[in-house]
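Q: What follows is each chain in one-letter form.
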Amino acid sequence: MMAMILIVEDDVFILEMAAMMVQDWGHHTLSASDVDDALSLLRSPQQIDALFTDIYLNTAVFGGCELAHQAVKLRPNLRVLYTTGNAVTDKLRALFVEGAHFLRKPYTHHQLQDSIEGLLAA
Amino acid sequence: MSDIAASDIVETVPSALIVLDRNLNISSANRAFYQTFRTSPGETEGCHIYDLGNRQWDIPALRSLLESVIPHRASVEGFEVEHNFPTIGRRTMLVNARKILRPGDHDGFILLAIEDVSEERAARNESKRNWQLTQSIVDTIRDPLVVLENNMTIVTASKAFLTIFGITEAETQGRRLSELGQHQWDVPALRHLMEKVLPENKPIEGFEIEDTFPGLGRRVFNLNARRISQPGNHAQRMLLVFEDITHRKQRERDALSLTNEISHRIKNNLQIIVGLIAYEARWTAAPCVQGYKVMQARIGAIAQLYDLISQSSRGRTVAVDAYLRDIAKTMSASLLGNTSGIKIDVKAEPLEIDPDRAVPFGLLVNELATNAIKHAFPDGAGRVVLSVEQIGDQIELTVADDGVGIKDENSAKVPEKRGSEYVAIFVRQLGGTIVPSGSEGPGTIVRIRLPLLLVPPGGAERVAA
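Chains as they are written, first to last, in numbering that gives the first Met the number 0: chain G, 0 to 121; chain Z, 0 to 464.
No lab work stands behind these hints: they were computed from the structure.
Heads up, a few of these hints could be off.
Distance ranges between label pairs, derived from CB positions [claimed, not checked]: (1) G:94 - Z:297: 52 to 58 Å; (2) Z:450 - G:65: 26 to 32 Å; (3) G:87 - Z:423: 30 to 36 Å; (4) Z:174 - G:94: 37 to 43 Å; (5) G:59 - Z:344: 39 to 45 Å; (6) Z:202 - G:87: 29 to 35 Å; (7) Z:150 - G:88: 26 to 32 Å; (8) G:65 - Z:297: 32 to 38 Å; (9) Z:435 - G:88: 40 to 46 Å; (10) G:87 - Z:342: 19 to 25 Å; (11) Z:195 - G:65: 34 to 40 Å.
Result set (DSS-like, lysine-lysine): computed pairs, CA atoms no more than 30 Å apart in a straight line [what the hints assert, rightly or not]: (12) Z:195 - Z:248; (13) Z:248 - G:90; (14) G:90 - Z:328; (15) Z:195 - G:90; (16) Z:342 - G:90; (17) Z:201 - G:90; (18) Z:292 - Z:373.
We put the CB at the ideal spot given by N, CA and C, even for glycine.
Produce the entire structure from the sequences given, and follow the hints as far as they go.
A: Structural data, given as structure tokens:
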């Protein structure tokens, strides 16, 4: 299944690499580097099947979590995959939207592929 | 009532009684008087009250009673006289006096009933002094505290409590803690714990409450409570101490956000490296791709060790036991999954290593355990045991499996050889040695001895570098 995936990541290099990998597997990508950019894409009529977001976005420690909550309000069927290099505590997990997936940073090409496929298949 | 009956009553009452005539001469006294004041009828009767027993009854307070009060009143009750009697020492007497007039006798008598209340007064004073002492101790403790009654009402609150929460003593007494202020302490979880302190003698340790307090702002309090009981008294009360941990909490939060910030950057940098490798792999011929994959996995292992080290850190050291368990858990999740027939167990003594050695230690365990998982169990079932124990002044790390064992080391393929070279490098980096082990049954066992911790646990100084 070919899908449109919105990737949100504050590090441009990581963002570009992730987009390239995801495109390698035949998907389309949209990119945003902060919550506001991502929200304007989510508010547009653009088709988006999944959100792949870093949790720590610039100065917003839980920016990705806040974004995902607003995103599922806008698009209730949106699938969400979080990533972070920080420790995933129970407190952090409690901030996840229902049914969200998680990928630890640094992730390899294959780990990202498995996660994206798992997300789209769920 | 006949005279005989009256004198019988007088003789049997426990209070000391004396009868004085109008000139304050003693006309009679009862047995209790003679016993209490260690005197006899011979020494007493007919004697002027002030002359009695070397004038020991010539007491200013008694004089004022007999000379100023009695003449104007028919009776006086509860007149307290404190005096140091040469025969019986310091005493507090409660005197009741009554004028008795007989028909035809205009002058009448004065009946004095004297009760010795010295012990009762001493006990009351002692109790008052104890209370003052307790209160002064309570008031010198900087942490606010309250003593609660069985029904959770406040018996006493320390000065610090009153000052910090801006309330008066009157506002606290007899009130429940939950009724104070803006009901900040009206927390179901706290109430539930407090209800167990007295009946189950279950202290509350470190219950945290964060709220905005009028005049104080946002504060975090750490609550501790325990049962207190007085000897000889069945009543039990609860001592509840409020420790203001706002600043400590803030420092912890600052440290945590700094850790998160640093971790975020390190992981992003590692992600960039992994991304660069992945990018290279796109243009690389298929036979070489495996090498890039292994490289990415090792970088992933370092990143995970970084997390595990920060979780297992105890001050300046890393707890090896907790660290080893974390490594086992992470490897199980990433390499085996829930359905695997291969199990990783940990047997670890509580030992510590310095953080400098934690990464090579973790990579070493990772390498050995990965080798075991990859090669020992062609049938996909078995057990890998990671253990650490102290042997003399060394730590022995053992990675053992119950798999097929190594047939011939010389026949090992290139990647395995590279793996064992890594093992040798990590062991050297850790200042350790590989212990040759014979065949002790099925499977493979690798023993490595490392010097014990170079930094004393929690110690400030590095003993050797």
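Q: Given the hint of 52 to 58 Å, is the C-beta distance from residue 94 of chain G to residue 297 of chain Z inside that range or not?
A: Because 31 Å falls outside the window, the suggested range is violated.
Q: Given the hint that residue 195 of chain Z pairs with residue 90 of chain G, test it: the Cα-Cα distance must not exceed 30 Å.
A: 28 Å, holds
Q: Return holds or violated for the Cβ distance of residue 150 of chain Z and residue 88 of chain G against the range 26 to 32 Å.
A: Given range 26 to 32 Å: violated, Cβ gap about 40 Å.
Q: Is the hinted range of 40 to 46 Å satisfied by the C-beta distance from residue 435 of chain Z to residue 88 of chain G?
A: Hint holds: Cβ distance 43 Å, inside 40 to 46 Å.
Q: Looking only at beta-carbon atoms, does the pair residue 174 of chain Z, residue 94 of chain G fall within the given range of 37 to 43 Å?
A: Holds - the Cβ-Cβ distance for residue 174 of chain Z and residue 94 of chain G, about 39 Å, lies within 37 to 43 Å.
Q: Between residue 65 of chain G and residue 297 of chain Z, does the beta-carbon spacing fit 32 to 38 Å?
A: The hinted range 32 to 38 Å holds for residue 65 of chain G and residue 297 of chain Z, with Cβ atoms some 34 Å apart.
Q: Lying within 30 to 36 Å: is that true of the beta-carbon distance residue 87 of chain G to residue 423 of chain Z?
A: Given a distance of about 34 Å, which is inside 30 to 36 Å, the answer is holds.
Q: Could you grab the alpha-carbon distance between residue 201 of chain Z and residue 90 of chain G and see if it respects the 30 Å cut-off?
A: Answer holds: residue 201 of chain Z to residue 90 of chain G is near 28 Å, not above 30 Å.
Q: Is the hinted range of 39 to 45 Å satisfied by the C-beta distance from residue 59 of chain G to residue 344 of chain Z?
A: With Cβ atoms ~41 Å apart, the hint holds.
Q: At the C-beta level, are residue 450 of chain Z and residue 65 of chain G separated by a distance inside 26 to 32 Å?
A: 48 Å, violated
Q: Is residue 248 of chain Z close enough to residue 90 of chain G, meaning Cα to Cα at most 30 Å?
A: 17 Å, holds
Q: Just to be careful, I want the Cα atoms of residue 90 of chain G and residue 328 of chain Z compared with a cutoff of 30 Å; is the pair within it?
A: 20 Å, holds
Hint check: violations occur at hints 1, 2, 7; the rest are consistent with the structure.
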